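Asker: The chain contents come next:
There are 2 protein chains.
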Amino acid sequence: MPGALVALAERLQGVCLGRGITVAVAESCTGGLVATTITEVPGSSGYFLGGVVSYANSAKETLLGVAQATLAAHGAVSAQVAVAMAAGARARFGVDLAASITGVAGPDGGSDEKPVGLTYVGLASGAGVEVRRLQLSGDRVANREAAARAALEWLIAEGEAIG
Amino acid sequence: MPGALVALAERLQGVCLGRGITVAVAESCTGGLVATTITEVPGSSGYFLGGVVSYANSAKETLLGVAQATLAAHGAVSAQVAVAMAAGARARFGVDLAASITGVAGPDGGSDEKPVGLTYVGLASGAGVEVRRLQLSGDRVANREAAARAALEWLIAEGEAIG
Chain A
1 MPGALVALAE RLQGVCLGRG ITVAVAESCT GGLVATTITE VPGSSGYFLG GVVSYANSAK
61 ETLLGVAQAT LAAHGAVSAQ VAVAMAAGAR ARFGVDLAAS ITGVAGPDGG SDEKPVGLTY
121 VGLASGAGVE VRRLQLSGDR VANREAAARA ALEWLIAEGE AIG
Chain B
164 MPGALVALAE RLQGVCLGRG ITVAVAESCT GGLVATTITE VPGSSGYFLG GVVSYANSAK
224 ETLLGVAQAT LAAHGAVSAQ VAVAMAAGAR ARFGVDLAAS ITGVAGPDGG SDEKPVGLTY
284 VGLASGAGVE VRRLQLSGDR VANREAAARA ALEWLIAEGE AIG
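Chains A and B, in that order, are what the protein sequence lines are.
Heads up: the first sequence begins at 1 in this note's numbering, then just goes up one per residue.
Heads up: the second sequence begins at 164 in this note's numbering, then just goes up one per residue.
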């Protein structure tokens with residue numbers, strides 16, 4: 001894993017273990033990169049319960065409970081789906097914080113309305129679900145890493161705010 | 164991702180797209196490394212539906228349907244749990260092939276009976292579920308990569324056999 005991402009995962013672990021916060025993730029375009037980074041750090045099982053890589057729409061429905069109507073109305077890369085993924089992960093894993101990521105990593109799959117790099121990151125906590133929109137500008141690998149970084153940084157900030 | 168793993172993911176993609184085979188994964192000790200590697204290859208959405216990172220036992224039960232009694236009787240790192248994880252992933256994602264990985268990556272968590280490096284890899288197909296036992300000898304990062312490699316190589320071989 002990229003060292004900068006692992007350093008963020010180490011910070012997140014310190015925040016969560018110190019405050020008794022549990023975490024899960026729901027990943028689409030990052031394909032498991034956030035979960036892989038988090039679990040590269042020994043001791044991560046103390047706060048990280050797991051994740052879902054919901055690459056296909058069917059997986060978003062079955063594994064995370066995203067409504068078919070939401071996917072049909074807004075598309076897989078949308079604020080609405082990011083919110084539903086985060087809420088679904090928080091409920092199914094039974095955690096304090098769940099982050100979600102859905103985006104167009106590229107090189108294919110972009111459109112005028114949803115260009116390569118468009119990414120939504122969601123965060124579900126006891127206070128509800130928030131979503132942020134990113135427009136990334138790298139290649140596939142860089143976009144995935146930037147999206148993972150955004151999710152990890154948001155989890156750290158939220159964990160510190162809870163504490 | 165390590166280049167050798169990505170090269171295996173590219174081979175798997177070629178095998179699966181050419182034969183119309185769909186794939187999912189259920190990962191414990193590898194923490195999402197197999198899913199991340201698979202999805203680093205553009206076009207992977209053509210055959211890879213997704214994965215579950217079932218790091219906690221509760222996630223193995225809730226997300227993959229592993230029986231609590233199986234976990235209690237054999238422990239999370241066992242042939243029985245690897246079988247149940249692969250079967251659960253195949254059913255929930257509705258795929259042709261599902262691989263599972265559960266092991267003691269280290270540096271902590273080892274015991275006389277289940278030392279660091281003990282890893283079970285499962286593979287569920289239409290013919291049933293098989294499991295293999297590995298005793299890896301590296302550090303945490305090396306053990307995770309070796310386990311991911313074993314799963315990818317097995318998926319490739321099974322895909323070629325189906326075709």
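Any given hint could be a false lead.
The following residues of chain B were derived to be distant from chain A, with all beta-carbon distances above 10 Å [to be verified]:
| # | residue |
| --- | --- |
| 1 | 181 |
| 2 | 192 |
| 3 | 194 |
| 4 | 205 |
| 5 | 269 |
| 6 | 292 |
| 7 | 294 |
Just the calculated beta-carbon pair ranges, DEER-fashion [stated by the list, open to error]:
| # | chain 1 | residue 1 | chain 2 | residue 2 | range |
| --- | --- | --- | --- | --- | --- |
| 8 | A | 127 | B | 290 | 16 to 26 Å |
| 9 | B | 295 | A | 18 | 30 to 40 Å |
| 10 | B | 275 | A | 133 | 16 to 26 Å |
Think of the hints as simulated: they come from the structure by calculation, not from any bench.
All values derive from a computational prediction rather than experimental measurement.
All residues carry an ideal CB built from backbone N, CA and C; glycine is no exception.
Asker: All hints are to be evaluated individually against the structure, with a verdict given for each.
Answerer: Hints, verified against the model:
1. 181: holds (19 Å)
2. 192: Non-interface label on residue 192 of chain B violated, nearest chain A Cβ at 8 Å vs cutoff 10 Å.
3. 194: Per Cβ check, residue 194 of chain B is inside 10 Å of chain A; nearest 3 Å; violated.
4. 205: It is violated; residue 205 of chain B is separated from chain A by about 6 Å at its closest Cβ, not greater than 10 Å.
5. 269: violated (8 Å)
6. 292: The assertion about residue 292 of chain B holds, with a minimum of 20 Å to chain A.
7. 294: The assertion about residue 294 of chain B holds, with a minimum of 21 Å to chain A.
8. A:127 x B:290: 16 to 26 Å: violated (48 Å)
9. B:295 x A:18: 30 to 40 Å: With Cβ atoms ~39 Å apart, the hint holds.
10. B:275 x A:133: 16 to 26 Å: violated (52 Å)
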